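This is what each chain is made of:
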Amino acid sequence: MTHLPLDQQMLDSCAALLLLLSFAMLSQRRIVTLVNLYAVQGAVLAAATLLLAWRTGEGHLYLSAALTLALKVAFLPWLLHRLIRRLEVYWDTEPLLNVSGTMLAGLLIVVFAFALAQPITLLASTATRGAVGIAVSVVLLAFLMMITRRKAMSQVVGFLSMENGVFFGAMSASYGMPMVVELGVALDVLVAVLVLGVFFFQIRERFESLDLHHLESLKEHE
Amino acid sequence: MITISPTLLTGCVALLCGWVVVGLAGLLRPGSLRFAGRTLFPLGALLGLALGLLAGASLLGGGTERLILPVGLPDLPMHLRLDPLSSLFLLLLGASSFGISVFAGGYFRQGEGALPGLLCLQYHLFLASMGAVLLADDAYGFLVAWEVMALSSYFLVTTQHRIPEIRRAGFIYLLMAHVGAICLLLCFGVLQGGSWLFTFDAMRAAHLSPGWAAAAFLLALLGFGAKAGLVPVHVWLPEAHPAAPSPVSALMSGVMLKTAVYGMLRVGLDLLGRPVWWWGLAPLILGLLTIFYGVLFAAVQTDMKRLLAYSSIENIGIVFTGIGLTIVFEGSGLETVAALALLATLYHCLNHSFMKSLLFLGTGSVLHATGERNLGRLGGLIHRMPWVAWLTLIGTLAIAGLPPLNGFVSEWLLLQSFLFADHLPHAFVNLLIPMGMALVVLGAALAGYVMVKFYGVIFLGQPREASLAQAHDCGWLERIGLLWLALGCVALGLFPLQVIRVLGAVTGQLIGATVPQASSHWWLLAPVPGRPVSYGPLVFLTATLAVVFLTVLAVRLTYHQRVRRAPAWDCGFGGLTPRMQDTAEGFGQPIRHLFQSFFEIERELPAPADRAPRYRIAIRERIWRLVYEPLSNAVERLANIAARVQQGRISVYLFYGFATLIVLLAVALMS
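The listed protein sequences derive, respectively, from chains W and U. Residues in the first sequence are numbered consecutively from -2, following this note's numbering. Residues in the second sequence are numbered consecutively from 611, following this note's numbering.
The shape of chain W in the complex, shown without the other chains:
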């Protein structure tokens, strides 16, 4: 086995850490912890971006690292924590699929994602091309989390985590998206969370709970 340079090794560890955090979020039922895990994921993402920026010397990557740090580590978790306190939702109810089942499904998804990423890995010329599979896994695991949760709050965290995956994927495949796109996405996420926050209050006011199965009564009946 050849020795990889230190920064390469560190980038790979960051990627591994991201995947691990995704699995942790998949299994976590405490919503406060879920938000904390999301903040940690954001921090790891920021670190990876910073490393990559230092290694490639691309100026705009420094900027996106700063943006990630500000938005995903500081502002969004703070907003979510505030929402949790005001809505008093600390726990998600029993997920639709039990934890071990979800984890097994997650494993299969990771295998699938790596198979999927192989052609891209072969084509890309970036130093971090091995991490594309991990990025796809993060996206799909976040999607899985949204499916298996009942509370609107956990679904929002899943949605945000999915965005992390997309960001990481773009970064590892082509050293990030153009700055304009990145700024746009960041703004989108911000607006989405604010709008969803409003929705939470509306849903709770209507059904006196944030449990989404109440929305089933909106289905059309014969």
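Rather than coming from a laboratory, the hints here were simulated on the basis of the structure. Keep in mind it's a predicted model, so treat the numbers as computed, not measured.
Output of the computed footprint for chain U on chain W, the stretches with three or more beta carbons under 8 Å from beta carbons of chain U:
1. 107 to 115
2. 138 to 149
From the derived model, a few chain W residues whose C-beta atoms are all more than 12 Å from chain U:
3. Gln5
4. Val29
5. Ala40
Computed, partial: chain U to chain W, Cβ under 10 Å:
6. Ile1260
7. Ser1261
8. Val1262
9. Leu1264
10. Phe1265
11. Gly1267
12. Leu1271
13. Ile1272
14. Leu1275
Beta carbons: idealized from backbone N, C-alpha and C, even for Gly.
Dock chain U against chain W, hints included.
Just chain U, lined up with the frame of chain W:
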């Protein structure tokens, strides 16, 4: 810049555009009945007359004209073509619509459903789209015109849309129209034969394998049959015809059903090239079934417009029987006989267009004068409405197939062509087809029975209700319309030879043969060389008139002039009322009894001690319970299964997205 030379075809196109303009003009003053009725409808009628004249000129010339309009799809501009077949049906459209439009000008009343201006638009769009169907020479243009025709007639049927039954009738009509249109779409898809060119010329040139050609033929039969009212896809007809205002019923029954016949002839005998003989068995058998079925149900109806609707089904049966025979003979190489059968078919189309329009318009006048469609509440109207009664009588006699009127000629020609079945080189078939002839004769006899009932119960006898004393005859516009159609019936009956000579261009185009004329006299019709059959309507008319004249004379001479008026003998019962005349139910009872298994009868008989007895009978078609209800239940079950996809749970919806993503990614991975 396109230069437009003044040809017959451009004239036809201009007249169709004229109809659209007249229709749009109705929107200028949508609420004004005087403007729409007294100005626009007669104007539309004149356009119809002009169209009929142009088409007649084209038919006499026998040529073919083509035109490509720069509208339509980018790579498929609209192709138009005027050949003898389309000329004949344009002639039919123009001539019938003249009478109907003039009548409609006096018919529509204020406050009956839709606004007059809107009706005017729908009516003239309907006319123009029927003309466009007949002129179209590519599948795209044909289907667009076909759909405009279906939609505009749907809105006309649901003119009185505040009545739930009428909305239901309209829905059934729209549904069947779309089932038919889907069949036609598939049919044209097959006909292009892999060339992906959708002009009719490309379809004529395409070579289809025998299996695909047969599939195209059957699809066309189903698609056009659904529009024409062929059993078992006839169910919309007895619902829609009574629901529509009478001029619209007349137009639908008299002209629109014929556009379906046109389509069938166009696909079966023109686009598909030389047909295989056994294809003809399908329209033949379905046609015979339709004759029998239609006339049986007509015999037991108590609603006058529904009765006429079933009679239309019967006549469409006759037409499709003729088409079937034509194809059987043509496919077997008997061109001359095929031309005879085709001639009978075309002749019957013309006849039915005139006589059924006349009858529907007559019922419209009765409906307006009395407000009744139920035969049980009519009677004795010949005294109150002599114009309507006498003109309707001509239509009634014609459709009953009595000489010297037109209905007789076409049925006689059809029966003559049946007699050639023994020339067919196929065992059994040449024995079984003459049995179909027996069914046609039975249908003709029963049609006579139905018409006696129709006319007798409405116009003869005594008024069954006191309110009928207020009935008034129709206005002068309506009289002109009725008179035109009645004259058409008489002329088509008295001059068959001249009509046949004109129709020869069409048989020549489709079959390549014409019916020879064995007789050298201009008044004697002898279409079958070598057989001693001939028919001279003028001779018949003269003889009939002579007999009537002599009888009157004889009675006058021997009459003793001593009149004694006394009440009719009432068997000692006392107190005879007009309600005790034979009713529509009573007249139809023998048929109902004999063919009980065909009907689904629901009857309420009053108890013997009932002081206010009521008798009620409802007759439904078994086909609803046997075919259509299981079909609609199956569709509903499928829809319910599909509705399980809608769970109302966000997790499930997310899962659909997730699963789709995974599947798509997997597909991408595989390829």
